[in-house]
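J.: One letter stands for each residue in the lines below.
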Amino acid sequence: MGPDIDASIALVAIAPFVAAALAPLIHRFTKPLSGWVLALVPAAIFVFLVTLIEPVLATGAIPARIGWVPAYGLDLSFFIDGLSLTFALTISGIGTLIVIYSGAYLAGHPHLGRFLAFLLAFMGAMLGLVLADNMLGLFVFWELTAITSFLLIGFDAVRAAARRGAIQALVITNIGGMALLAGVILVQQLTGTWELSELRGMEDAVRGHGLYGLVLACFIIAAFTKSAQFPLHFWLPNAMEAPTPVSAFLHSATMVQAGVYLLARATPWLGGTVAWTTILVCFGGVTLIWGALGSLRQTDLKQMLAQSTIASLGLLVLLIGLGTQTAIAGMVIYFVAHALYKAGLFMVVGAIDHEAGTREITALGGLSGKMPVTFAAAILAGLSMFGLPPAIAFFAKEEMYLNLLSPHWQDLSVLAVLIAGNALLAAVGALVVIKPFLGPAMPTPKSAHEASVGLLAGPVILGLAGIATALLVGWFGHTVLEPAATAILNEPVESHLTWAIDFTKPVVWLSVATWVLAGLVYRYATTIRTLLRRFETRLGWTADTVFDAVMFGLIRFSGSVTRVLHHGRLELYLVTVFSLMALALMVPLFALGGINALLPTAELGNWAAQLRWPHLAPYEWGVIILALAGLGAIVAAPNRLYSILALGVQGTAVALIFLLFGAPDLAFTQLMVEILSVVILALVMTRLNLDERDHRPFEDWARDGTLALVCGAGVSLLLMVVLSGTLDTRLSDFFIATSVPIAHGANIVNVILVDFRGFDTLGEISVLMAAGISIMVLLRSRRAPVAVGSPVPPAPIAPKIKPEPTQPARAAAAPSAKSTVKGRAKPAPKKPAPKKPAPKKPASEKQAPKSPSSVA
Amino acid sequence: MNTVIFRTIAPLIVSTMLVFSVYVCLRGHNEPGGGFIGGLIAASAIAVLGMASSAAEVRRALRFDPLSIAGFGVLLAGSSGMLSIFNGNPFLTSIWLYLDIAGSVVPLSTPMLFDIGVYLVVFGTLASVVLALESEDGENL
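Chains A and B are the protein sequences, given in the same order. Numbering that gives the first Met the number 0 applies: residue 0 is where the first sequence begins, and numbers increase by one. Numbering that gives the first Met the number 0 applies: residue 0 is where the second sequence begins, and numbers increase by one.
Just chain A, with the same shape it has in the complex (with noise of 0.2 Å):
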């Protein structure tokens, strides 16, 4: 295949995300039209693909392939088979009609342009999920899917409902999407390639493996969430409260048909076990009955639809879990026949709900002389999902049930479950077609009439495909069903579609054991409701629930643990910090043997001898006695802005100890960053309205001094060993040797930082500024309160403060700040000791700005 192909192949996955790109841009110039112009693009798809039948019959598949990150051999591949093709040409098919009808249906919407632009991505990451062979690709088109039908979902974020069923959903796949991630890497491993098509001849390698088991539960956990199985399937309901073009969209062709695919892609390396069968056919036996009676206990149409959607998906499973010719050929059909007829009658719901304004079932009736034509549409989509013969449901329902008439108990209690099965959702079919057309009319919130072009084109058009295909079963049957039936199995399948219905065969008789049943469930649909109902409200409980439990319990723990680790107490924050540092510098001093290196344990005796006054000459004595006088002046000194200074004077001692070592850059800096502190700290001291004094109680002045001295000691201990190894001078040896005639720079120090290591420095002055930026927020909501006139509600130590006359909102203001600030702040403010003239200080500095603006 030539580079033609594959782009544009790649662009059927692309195109719909170039699409959605514009839309909103489309939309302003075309308002009443922009539904038929966008779906412009997903026709044009349609058309494409469609040309790809034919060179699929001939070659079985096409590949595609373009360069995505060569540097990791990773190709964004596609690769086009009859499975592909088939889910494809629905998506792109349907999804045309969809946008169609969204444009008309949401016509006049302020955000439809965004609709329209969710609705074509959403397409675009379907298309890709389904054409690409490259897993790590099917995974993000998989995880793009779930992010887009978020959105789709939640479109109408004002009310709560529809959020809820967006993250509802977004949470129940992306656990399943975190399990395929987890099983295509798996299998990665076990086979060593990514490519779904070069998996076809490894079955035993992922089959034989010891790990098999885990596989296949990570796949079968992503196809399960996706395509809401028993019991993860409470999602798919509350998604109704989307749009009514996203359900039919989603829950009939594909967001819940990933599952369905991805099972049915895996089938030829994953599939035939006996835990592959029995899981699949286990949930989905119970998937189809599960939500095909919660169907019946419906009264919103398009709930009831939602749930048969449930049972569909149901059957499916339960059809790939089968895994035989029959099975699969009877899965490749119903998955067509009902993306045409659910899709159809979701569409026809919408319609009704959009000219008579409600969807109750129980409200609605005798709409068929209305809306003649919704009446027709919904008529040709029912006979599908009733599955009577001028259908193509019908030959599904034929196929599943061929070769399943035989002695095992396995085979025929799976015959029950599907002719059970069949008949309910059948029976929901007639429902949703008779009830709301035939019977007494009924009064409706609007004035019932036809809906407009854009409303019926997509399930008319759709009805009719229903039955084209079923009269063209011959042709469907060679180039729809065989090829993707053989890309399921890998082996070759013959379709035997055919219209000769031979009455003497028994299957014809299950059909009709079907019907029959289907006839009684609609007869007796409110009792069976009734007691349904009445079952659900015995029970107490639902998945949703559940859910609902395991979401709070989630919040909850999250909050405790918020509460334990983030208490708002910044004494205990650097307690914290500084007893984790202390013990990183001392475990690994000790458990490691570090401090050997030093010292060694024999000697310990004689640790005096050790002891070596070293020879420095006077002035290096007077730096040291320095660093030592700023030490004790910050332990010993009456005030904090004392300590600050004092701290000052100690960093200064340790900045020309660096200079007479000679790190002349280092001296400099550390120069500037003492002046610096010493000027902030005393201005976040008088900024935050902290006492004078330190008023720490002795235990905590004990606990504070006792982390200080081991840090100091830890620290001082690990640079002492750093120094007694010898040290590895290859890095500086290259700067040394480097600097100049590579960088053209004479200072080592800012050559490093600049040019060698020019990344980090970028790096480091990003977080700098990052921390700029939060020291700016801190201060900003710490003054708000103060900012709008001190609104704050007097804090209980107020009363005893003698407000002073001249500052009164200061004065109310302070207390309140101090006790946020510090936890335990005592209830009088003390007051300034006035013997010092340091304290004064601070007091005129508050005052500075006051007097400048009166000065000027």
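By construction, these hints were calculated from the structure, which means they are not laboratory data. A quick note: this is a predicted structure, and the numbers were derived from the prediction, not measured. Yeah, the Cβ is synthetic: ideal placement off N, Cα and C, and Gly gets one too. One should not assume that every hint holds.
What the hints assert, rightly or not - Just a sample of chain A residues kept apart from chain B, beta carbon distances all over 10 Å, derived: (1) R162; (2) I278; (3) A415; (4) M550; (5) T737.
As the list claims (entries may be wrong) - Sample of chain B residues at the chain A side, in silico, Cβ under 7 Å: (6) A9; (7) N29; (8) E30; (9) P110; (10) V117.
Add chain B to chain A, keeping to what the hints say.
T.: What follows is chain B alone, placed relative to chain A:
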């Protein structure tokens, strides 16, 4: 702090510090100095000026919000690294240009631009913090 002497002397000190900071920044490649130290000196100058007058006045004099200056610094440092893309080298590869202006050779380089970026980030960030701390309660930061 707001004595007449201090207020009179402050502009003199501040302007000297600012000029010195630029000097330190530019000489950094060959002698002790560099963008980081230069930025620290300039930020100290701003702190002094803020004490002598008021934070609002300093902000007016600066014309640009200090944090924007810092942001511009990050941008400058980053984009100086981008220049190497044009001659096909990896990000942050240095480019040197020796300009002959009136007989004396002036070396210009992307590391110099980078260092100026560092200077602006350090200066802008610290200046904004210092000014925020120095500003009055009701003032809009």
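J.: Can we keep the N29(B) interface hint, with Cβ of chain A closer than 7 Å?
T.: Since the shortest Cβ distance to chain A is 4 Å, the answer is holds.
J.: If I take the minimum Cβ distance from A415(A) to any residue of chain B, is it greater than 10 Å?
T.: At roughly 67 Å from the nearest Cβ of chain B, A415(A) sits farther out than 10 Å, so the non-interface label holds.
J.: R162(A) clear of chain B by more than 10 Å, beta carbon to beta carbon?
T.: Holds: least Cβ distance 34 Å, greater than 10 Å.
J.: Given a cut of 7 Å on the nearest C-beta pair, is the interface hint for V117(B) held or broken against chain A?
T.: holds (6 Å)
J.: Beyond 10 Å on every Cβ pair: is that true for T737(A) relative to chain B?
T.: holds (12 Å)
J.: Min Cβ distance, P110(B) to chain A: is it shorter than 7 Å?
T.: Holds. Min distance 4 Å.
J.: Does the nearest C-beta of chain A fall within a distance shorter than 7 Å of the C-beta of E30(B)?
T.: Because about 6 Å separates E30(B) from the closest Cβ in chain A, which is inside the 7 Å limit, the hint holds.
J.: Determine whether the non-interface label on M550(A) survives the test: each CB of chain B must be over 10 Å from its CB.
T.: Holds, because the least Cβ-Cβ distance between M550(A) and chain B comes to about 39 Å, which exceeds 10 Å.
J.: Is the nearest CB of chain B more than 10 Å from the CB of I278(A)?
T.: holds (51 Å)
J.: Using the nearest Cβ pair, does A9(B) come within less than 7 Å of chain A?
T.: Violated: closest Cβ of chain A sits about 12 Å from A9(B), beyond 7 Å.
Hint check: a violation occurs at hint 6 only; the rest are consistent with the structure.
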